[in-house]
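Engineer: Okay, here's what each chain looks like letter by letter:
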Amino acid sequence: MAAISVKNLSKSFRLYQKEPGLSGSIKSLFHRKFTETKAVDNISFDINEGELVGFIGPNGAGKTTTLKILSGLLHPTSGQASVLGFVPWQRKQAFQRQFALVMGQKNQLWWDLPAQESFLLNKEIYEISDSQYKKTISKLSRMLEIEDLLKIPVRKLSLGQRMKAELVCALLHSPKVLLLDEPSIGLDVIAQEKMRQFVKNYNQEFNSTIILTSHYMGDVLRLCRRVIVLNEGEIIFDGPLEKISAKYSKEKLFKIQLESQIPKEEFEKLGKVGQYELPLVTITIPRNEATEKASLILDKFPISDLTIEEPAIEDIIRHFFERKK
Amino acid sequence: MRKYLAVSRITVSNILEYRWNFLIGHLRSIVLLVMLYYLWTAVFSKNNNLFGYGLAQMITYVLLVTIIRAIVLNSRTDNISGEISGGGKFFTYLLQPIGYLRYWFTIDVVYKIIDLAAAIIEVTLLALIVKATLFLQTNPVSIFLFLVSLGLAILLYFFLSALISYVTFWTYQGWGIRFAFVLFLEFSAGAFFPLNVLPATFVNFLKLTPFPYLVFFPINIYLGKANFFDLVFGFSMSALWLAILFLTAKVVWRRGLKIYEAAGG
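Protein chains in written order, with the working numbering: chain U, 1 to 325; chain V, 1001 to 1265.
Everything labelled a hint here was simulated from the structure, so no lab data went into it. Fair warning: there could be bad hints in the mix.
Covered by chain U, per the in silico footprint, the following chain V stretches (three or more residues, Cβ under 8 Å) [stated by the list, open to error]:
1. 1007-1013
2. 1044-1052
Label pairs and their in silico Cβ distance ranges [said to hold, decoys possible]:
3. V:V1034 <-> U:E147: 51 to 59 Å
4. V:V1141 <-> U:A94: 31 to 39 Å
5. U:V189 <-> V:R1002: 53 to 61 Å
6. U:K92 <-> V:G1256: 16 to 24 Å
7. U:R155 <-> V:P1199: 38 to 46 Å
Ideal Cβ positions, reconstructed from N, Cα and C, are used throughout, including at glycine.
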């Protein structure tokens, strides 16, 4: 059975529009114009136990809304979802004991108290036994290297430190399903990398099912074999990361190292020239012409090296979203 | 149960973090008490009896209001409003295996105990400084009924305050309505002055609302001013309103969550 199963799920919000300025404000006192927007539009997917799936998409694509529905914060407008066999928005305690939602922009730690106090509170809320608590906390704080920070008031921690403490707090009850919403937001490159490493290890060690959303493509590229790409509330791709390129990139990237100088115009006949910094030239060439053009280049020009690459996934996705607009 | 003990522990730690803020907040109410004491003493200088109260009873009324403010008109549930509109911890507690209102009630109990201790110190200090003559109730039945009415009042106020916060589900902002409501509530509860000051028809109308049972009713029981009919009517109304508010809070909460947009983040 799938750990998470979503079927034809939709969620619309009512938005009200205000004309700019004071006159608009006064008008809106008497008459408000409402429009419906579909934050999530008829999506379906299944996620198996132990999978680590990435949600990607631009702002407003419906990633966070989906997570909020799966965690039980929001009632959907229509459709079904089940997480570990429960309907999330019924908010059964048996369900709540087995999952966690971590949002990079929200904190559950008590701001003025050391993180440890919040941990102890969660220990009781989730009814964790003393021995289990000690085991989990020593393991997690070792994995995240935060042993020294537990006694300092949370308000005095740096963002990166706080995020780690948030993670420990959310994971104390060893959730079977973990929903991570932008866990690395605002973190510096090193902290981001550590966060990724941790999520990966956690997934492997505890065999927990994880959904991760992120703006940082790096997070998803490093961690997830499967991605679900959302745009304007719809799923536009669901599958292994590598397949995105086959499905969406109609082009290949040629990197050529020249032995002697060839004018730029010669390459422009073949395809779109990217870099032209001799001896390096890069050209993008339609996928179906790639073989033919490759032999042409090898014949015609004095080259020392030729590589043919798939364009970076980040670029494909960026192009894809731009085209859609 | 242990969950809620843990909630109360962390609440105490949190209050201790803010100890200065807490102490200064309480200084204010002593000043108010001194003012009220001299006001009523001046009013009573020409009369021995006003609105059915003697001076000692009136001063006792004022001091008891201070105590009742600490244990009845004192709830952190006003924070629910901010949590609904701003997300924050609201998410956390919705997602955890803990009852949301029970969580707030636990926090309330902690604040009520601490504020009660502070109020008793304030009232005692004032009584000693101005050498006030107070009305001491000795009848154990009256004292028992007084305590029962306080218990009902605590619950009434708790659900009223929570309901006001729930309005935020629909309005996204809760402060305006709370401000208007609290002012009206304290007035009609008898927290500024005994309700006998007001015209009788108006008071009779107020007695159909839950408000007089928050302050006026319990104090009158203590002062021995409630007759058998008042007691039966008062306790019935309190119980009825408690049932209504409890059920309404339940329904409104469920409906609110349904339209809740979990904004922020």
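Engineer: Each of the hints needs a verdict: does it hold here or not?
Structural biologist: Hints versus structure:
Coverage of a stretch by a chain is defined here by at least three residues with a beta carbon nearer than 8 Å to that chain's beta carbons; for the stretch 1007-1013 of chain V and chain U the count is 4, and the condition holds. Only residues whose C-beta sits within less than 8 Å of a C-beta in chain U count toward coverage, and the stretch 1044-1052 of chain V has 0 of them, not enough to reach three; the restraint is violated. Our hint of 51 to 59 Å for V1034 (chain V) and E147 (chain U) holds, since their Cβ atoms are close to 53 Å apart. In this structure, V1141 (chain V) and A94 (chain U) break the distance hint of 31 to 39 Å, their C-beta atoms being roughly 47 Å apart.
For the pair V189 (chain U) and R1002 (chain V), the supplied restraint of 53 to 61 Å is violated, since their beta-carbon distance comes to about 42 Å. Checked against the given bound of 16 to 24 Å, the beta carbons of K92 (chain U) and G1256 (chain V), roughly 19 Å apart, stay inside it. At roughly 53 Å, the beta carbons of R155 (chain U) and P1199 (chain V) sit outside the given window of 38 to 46 Å.
In this structure, the hints that do not hold are numbers 2, 4, 5 and 7, in rising order.
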